[in-house]
Structure formats: C-alpha cells, structure tokens
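S.K.: Following the hints, complete the assembly by docking chain B onto the known chain A.
From first to last, the protein sequence lines are chains A and B. Here the working numbering is used: the first residue of the first sequence is 1, the next is one more, and so on. Here the working numbering is used: the first residue of the second sequence is 1001, the next is one more, and so on.
The set of hints was computed from the structure by calculation and includes no laboratory data. You can trust all of the hints, since none of them are fake.
Part of the chain A face toward chain B, derived, beta carbon under 10 Å: (1) ASP391; (2) PRO417; (3) VAL739; (4) ARG747.
In this text, a Cβ means the ideal position worked out from N, Cα and C, and glycines have one as well.
Residue-level listing of the chains:
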Amino acid sequence: MIQRSAFLIARAVAALIFLLTWGYGVTTYSPFAFDMFVRPQLFPQLATFVAWHHVWFWVALGLSAATLIPEVMGPRRGPAFWTTVAYLMAMAGLGCYLTVTPYLATIGNGSRSLAVVPGALVPIVWLAIIDHLSVAKAWRDRATDDATGQQPLLTSCVLTGVLLWAVHLLRAWLVVGYPDHAAPALDAVWTFVLDVGALLGVYVVFSLASAIASATTRAFAWEYALGTVIIAASIAELFRRIVLPAFSFTSGDAGAIAAALGVTLALMWSGLRLRGTPCRAGGGFASLLSIADPHATPGRVLMLSGTSAAAALALSFVHQIDWAGILQSLIVLVEATLIFGLVLARQRGKDDGRWSLAVALTPPIAALALLLLLPVATTRLAAVTTDSRLDAAAVIERLPAIDGLASFTADRLIEQPRFDLAFYRELLAAETRQPALDPAVPSATFARPFVTAATTPPHVFVLVVDSLRRDYLSPYNPTVTFTPAIDAWARDSFVFGNAFTPYGGTWLAMPSIWTGSAVTRGWGRIFPRINALEPLITGAGYDFAINDFTIASLLTPETKRTFLNPEVPSVDTDLCENFDALQAHMSARTTSRPVFGYLAPMNVHILNTRVESPAGAGRYPGFYPPYASRLERLDRCFGTFVSHLKAQGLYDDSLIILTSDHGDSLGAEGRWGHQFFLFPEDIRIPLIVSLPKAQRLTVTTDLARVSFLTDLTPTLLSLLGQRVPDLGPLFGSPLFVPVDREPVPRRRDSFLVRSSYGSTYGLLRRNGRSLYISDLLNWREYAYDLRREPLGERQAVSQPMRRLSQAGITSHVARVDDLYRRR
Amino acid sequence: MSPRQAPLPVTRIALALGLLGLFYIALPIRLPATDDDRSSEGCLSLADRPPLTGPDALAQLERCRSAVPDDVELIADLGSAYEAVGRIADAEAAYRQVVALDPDDADVRVRLARLLISRGDTRAAAEHAAAALRVQPNRQAVTQLIHPPVTP
Chain A
1 MIQRSAFLIA RAVAALIFLL TWGYGVTTYS PFAFDMFVRP QLFPQLATFV
51 AWHHVWFWVA LGLSAATLIP EVMGPRRGPA FWTTVAYLMA MAGLGCYLTV
101 TPYLATIGNG SRSLAVVPGA LVPIVWLAII DHLSVAKAWR DRATDDATGQ
151 QPLLTSCVLT GVLLWAVHLL RAWLVVGYPD HAAPALDAVW TFVLDVGALL
201 GVYVVFSLAS AIASATTRAF AWEYALGTVI IAASIAELFR RIVLPAFSFT
251 SGDAGAIAAA LGVTLALMWS GLRLRGTPCR AGGGFASLLS IADPHATPGR
301 VLMLSGTSAA AALALSFVHQ IDWAGILQSL IVLVEATLIF GLVLARQRGK
351 DDGRWSLAVA LTPPIAALAL LLLLPVATTR LAAVTTDSRL DAAAVIERLP
401 AIDGLASFTA DRLIEQPRFD LAFYRELLAA ETRQPALDPA VPSATFARPF
451 VTAATTPPHV FVLVVDSLRR DYLSPYNPTV TFTPAIDAWA RDSFVFGNAF
501 TPYGGTWLAM PSIWTGSAVT RGWGRIFPRI NALEPLITGA GYDFAINDFT
551 IASLLTPETK RTFLNPEVPS VDTDLCENFD ALQAHMSART TSRPVFGYLA
601 PMNVHILNTR VESPAGAGRY PGFYPPYASR LERLDRCFGT FVSHLKAQGL
651 YDDSLIILTS DHGDSLGAEG RWGHQFFLFP EDIRIPLIVS LPKAQRLTVT
701 TDLARVSFLT DLTPTLLSLL GQRVPDLGPL FGSPLFVPVD REPVPRRRDS
751 FLVRSSYGST YGLLRRNGRS LYISDLLNWR EYAYDLRREP LGERQAVSQP
801 MRRLSQAGIT SHVARVDDLY RRR
Chain B
1001 MSPRQAPLPV TRIALALGLL GLFYIALPIR LPATDDDRSS EGCLSLADRP
1051 PLTGPDALAQ LERCRSAVPD DVELIADLGS AYEAVGRIAD AEAAYRQVVA
1101 LDPDDADVRV RLARLLISRG DTRAAAEHAA AALRVQPNRQ AVTQLIHPPV
1151 TP
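Same shape as in the complex, but just chain A (with noise of 0.2 Å):
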C-alpha cells in the first residue's frame, strides 16, 4: 500500500512538472496569454518556476526514475525494459543541456515556445508507454473477458446522477448558501433532470463502446481501450471548445493543441490504473474509471463522500479566481468521472448477462424527453403564475451555483430563445481572423510632436487603480463611510458620473489610456507608434515616474523614466508604497521639472482581495469587506499625498486623475472578478479630475456625458494647449473645453465595449443609459438599463434590441478593424 501511494506521489508530482512546463509554453506561445500573464508577471511563482525549471526537471526525472526502479532491475530484458532504459537515457541527456542552456526562460512569445508545448507532453507519454508495456502480459490474459453489462451500466450512470444531484443541492444548501431570489422546487427539478440526463448520454456512450467491444474476441482489452479513447476525446474536445478559447486560441492551434493534451493525459491515466488494477472480472470500463475497489460499505461510503468533499473543497478554493468558469468545470467533471467510476466498480459481479431493448431504449429517450419538455413546461408555468423566477432563462443562470454539473450541461444543450447563431458566428470568425495579432499602424492616431507650449506644464498625477469600482467610492455612493479623503478631495474636482472603461481587463484598457484610441489586440506591436502620451510626457519635459507592468516595458528605451518600486512584483503594487516612493522622488531630485506620475497599483485586485482577512466584516455593512478594507487604508494614503502636495505648494499646480482600467464583480449572482465581464458592475468606473488652480475656472465640461479611457489623453493634449483633432469615433475627445464652446456631444453616439481577454463584446448606447452584452464563450446575451444606480438594472432582451445592438457591434467591430486595415 505504501509502495503503491509512494509511486502515485512520485508519478503526480513528476507529472506535474512536466504539464506545468506545457502550461507555461502554451501560455507563452499564445500572444494573448504571453502579454497578459507572462510579461508583467502577474503570477511571480510562475517566473520563480521558469528561473529553476532545469532544477525542477531534474527533480521530475528523478521522480519517475525512482518509479521505474522494477523495469529496470527486473529479470526480463522484454520491450518495457528497453523503453525505459531509452527513456532514462533520453531524458537525462535533455536534464544536462536544459542545466547548461536553460531553454525555458530563454523563450518569448514566438516560435521556440511552440517547441515546448508538444515537448513537455513526451516525457508523460513515454512513461504511460512504458505502463502499458510493463502490463501486457496481463492483457493478453484477460483475452476472453465479458464486455460491461447493460443492468451495471445503467444503473451505475442512474446512480452517478442521483448522487451527484443530491450533493450539489446539499452543497449548494450547507456550504454556498442558496441564491436569493429562487425557487428550490423548480430548480430541483431542473437539476435532476439535467444531471441524470447526462449521465444516461454517457450510458449510450458507452453502450456503443461496449458493443463495439463486445464484437471482438478481446472485450476486456477493446473496452478498455475505447474507454480511454473516449476519455482522451473528452479532455481534447472540453479544453478545444471551453478552454483554449478563454485564452484567444485560434481553432487551428486549439484542436492540436487540445487533442495533443487530450491523448497524453488519457494515456497517463490508462497507464496508472492498469498498473494499480489487478485484472478482474466486470468489464474494461470499471478497471479504467475506478480509483480503488473498496468492498465493504465503509470504504465506499468514504471513497464517495470524501471525492465529493475534496470536490467541494477544491471548489470553494476556486470560485473567486476561476477564468470562465473553467476550474470549476473541470473540477465537477473529474468529480463525476471518479464516482462514476466508484460506483460502477461496485457493479462488478451483478451482471446476469441479459439484455432488454426497452432498458437500452427507454432510459435515453425518456430523458431526452423530459429535456424537450422541462424548458416548454418551465415557460408556460412562468407565463401563467407571472413569476419571473420560473422562466427557464432564469433558472439556467441560478444553476452554476447550485449544480455545477447541471450548469455544465444545460450550457451544452440549452440555447437561449431567438439567438442569432450568425451573428455569434461573425463574430468569432472575425476573432480568428486576428492573427492580425499583427496590426498595421492607423492612417491617423493621436501620436504626434509635442509643439512646446508658452506656459510651464502643471505636474500631472494620473492613477489608475485596477479593479476601482466607482460605487465603492463615496463622490459616486452616499452610503460608502470609507473613502473620505477621495470624497474630500473630489468635492473641489470634477467628478464624471457616467465613465466606463471601453475595454473589460487590463491588458486592452491600459493602452487605450495611452493611446486615446480604440485598440486591437497585437497593439504591443505597434504601440511605440500609437502612444499619444508618452510624446506628450517627453515633449513637455516632464520628470517622468511610473510603476506599471502593462506599458512601462513598451515604452521607447530613450524615454528617461523613475519605474517605482521596481523590487515589488505586478500583483504586489501598492499605491501606498507608490505615493512613498514618489514623494520620495521628487524630493530627491534636483531638477525644478514639473513631474508626471503614472500609477496603476493593484490594491483592490481580486488577486488580493480575495486572500484578506475577513476582520472586521461588520464595519463595511452592504459592501465586499476585504475589498472595502483594503480601499480604506488605500484612500488614507490618497489623503496623504494630496495632503503632501498642498504641505510643498504644488497641488494648485497639478492635474491629478483618479480612475480604473475596469471595476470588478464582487459575488453579484455569484460572478467573481472581472475575467471577461462586460457587467455594469466591470466596465462602470470612477474618472475624478482635479485640475490646476489656474484652469479650474476656464473650462467647461459635461460630467454626465458618456466617457471613456480614451478620453484622458486627448484631454490632457488639451490642456497642455495641443490641438486635438476629431478623429472620429474611435478616438477619445477632450473632457474640458473652453468654456464658450459647448462640450462635444455623444447622446446619439453608440459605442463598442468588449473584453480583454474573451469573446465578449458589448454596446452602449443613449449616452451610456442602455448595455446590450454578447458573451460568445457561453453564447449568452444581456441587456442592462443603467439610469438605476449603482448598477443598473437588468433587463429582458427584445428582438427589436437584439438586432439593433447586434448591427451596432458588428458595425463597430467592423470600424477597429478598418482602422488597423486587418481584413
């Protein structure tokens, strides 16, 4: 027993490894995924992994050598022994040049990480071929065997359903909490229906298996083999279609690389088990799908409950930083496939070996019966008692978190009324078109000579706090107690009430600050020539300071700039630490230049906020505890500075903006994050304006027109006297103008907002009061009225909506990619 769990440990670790080597190449490989997590950092593990792989590689080897130890040593010189031999050899030889030429922290975004990602695999399937060899004497044994029954297989997936049924709903009852606003009865129902019926597709999945099975001379081994090919099918076809895309892979990467994954793991796992299983009686699909085969009651009660408990455990520790869902996801599969796998092993024996058409038939068709019907009846029971909470629309969005299982599948098998498969199918198609990941250069862009103004620039401090939600801060909310200095500040500055972020995420935001422009992705590539602002800062004369991940490294290498706290990783940064360093900065320096300071901390990230301590919940009643805590100490710091300006005389001489690339969603109907939410709650940010004494007076501005990021560029080319032209309705224009002009209108303009980092897309229109929401990763639409605040309220949407918002978005799309001549 111990021999064994110290050859699974050594085997997971190892495996380990090796799939955090691939991770990390298909992260790198995708620029996407390159620029988002890898350049800046994001996760400083992950740069601490690359920095010692060739240790870690060593340690891998070492692992499954030590596993390898009875091919090795054993007393046959057979196919498995040469394999491994091979293997040691082959391997040891890569350990020593990745120690004297260590290859992972050499690669970039480009070729030489496509080398790893087939390359990491091949360490893992050599060792599941090695497995496979070590045990083929047993499978030529097990020649004669029976296929799996079709009593033990039905009632193993009826079984698997109801018990996954039952503890999702208690989970959802004990450990998350019931959503408000449901309607248990009704959601029970949906759930079983939902989970059964998915478990009975498996059934008629694995019937055809084991029939085909059943058709050669082999059962055992032919099961036992389709079962893997239809665990390798599943892993490839989740990771190509749920995976990969929240990550922008291209369909053509994504099938190889998913299939790739798909054949390794499910080799890996066949490997492991048929090395742990000794060969018995009950089919191939129970010795590949069962972790172990406890007999008596207690054991399997424990196996059962204690999957269920990891799962629910694994599961809490995710839901705030999964992506998409994904985790998730995974996490309620493996939980499936391991109990489907335990209760079929229990099976073995109750065969009788006879075979009913009505039990091969009725099950399926019964539950796809009752699929057709629940969402007909759901309706018509909505439509009749007017109780909006019975729509099946209604009910499908409560499931995540009740059933992640149920969720999972009514995702697969229920569209949405009315939904327009064209539109989203442009749409993505316009998004696989983007390996104009290379963009060309605009014919027109803000990015041009700073003509030297007659007056002495004001210091300019710009901070965009990530993740800043604009009802978290008290110029916006009446009821927040904790931002004081903000509010202080911001009641002799320009509070624009209805600013969003064009952009959901950081990495598509943060340069359309710069550029004053809407931006596609590949902008890295051409961004030394669209950056508006850094001409400014460098023509202007400004003493330059920034601490930032997602521009700093982009910007000319002539550019002299201070990079704040270069020792405190992305996630890390810290207004508070930022402001220190700043002040300590400008009071250093011996120049009399006016400073310009660009900050962009991550305080409030949901990286962060979700490991603060709970500590004083009860002071923040109504809001997120650990967020509103961490705002709170970050707002005395803001107090701070603005106290430190006004202490040295420089704040009636400085311009300073307080916003956010994007908000965050906070738990409302259990989003988390900002991932690729287009939520009022993800795109509303604050945008606070205080400008220098001598201009306060001589600007006018409209602090209820819709506003973007893209504005602040243009507005401060403005104010420092650039002339700023109307680049149309790509381009941000400048909030302030003189005050005998009449702010530039945009009530009838409609305006493109989509994600960063996923195939989501939304339009704002009426001046920011009406949000249509496309989310192409869950084919899912929304509609929110905004007027109501903090957030808006949501809305049914109607076709005449649908169709109008849906052009408006095509057309947009359209527009960015004119602009970067993409198409």
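M.R.: Same frame as chain A, now just chain B:
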C-alpha cells in the same frame, strides 16, 4: 419486452448509434421565446441618429413616443420639433419630461430655461440653469442665462 440474452453486437451498435443520432437531431434545445412588443421596432434606433427633420418628423416622433415612452433623446427631439412649429406649451412639457427622466441632461435644461425666459418665468429658468451648471460647470452659455452679458 422481457429480458433476454444480448443480441448480436451489430444490432447493439446500430441501436446506440441510432440513439446518438436522435440526440444529435434533438439537441441543442432552444428555449421558447416570449412574444416581443414589436411596436417599438424602428423607434429604438431614432436615439442613435441625428434628430429627425422634415414635414413628417413630428408625426413620426409622436408615434414613437407612445412606443418607447421613456426615450429621452426622442422626447427631446419632440420638444425641439414642437418648438419649431410654435407649439411652445407642448415643447415645454416635453422638455420637462426629459428633465424628469434624466435630471443631468444639461442641454435640455438650457433649452427649457431659454423657453421659460421667453415667456417671462426667469425664476424657474434660473433653477434649471443652476442645475445645468452643476453638470456643465462654468459653461458660458449657461452662466449667461443667469447673468446675461450687458450690451453697451
């Protein structure tokens, strides 16, 4: 059908494939749609276009007002159209409705203030101008409503 020994594998394979085919044909399921109010068709997009002009503008705007009763831009356009044909009371009512729906629409407040001044209600005009100034601070066109420039 009573239980019996399994038929030939080919039959079972055909059955399973048939079931999968049935699933493929029946899925995905589309949720039933509720009937949309189509009366707003064509009116929603008015807010995204330049204001209507021409002889039919007023009639079209009035028709759309009942279809999308809380469309601020549409009602503001209607106010302008009323003003253009001299229906001042209707224009004032339309502007007041806009201000009720969107108190931060400074442009309409200015239009309303001008209209109020023209009929001598300077106090009410000053209130709207002050509200407009909160949204558009320092804007000369608004400050001049409160403090008109002295003509030499």
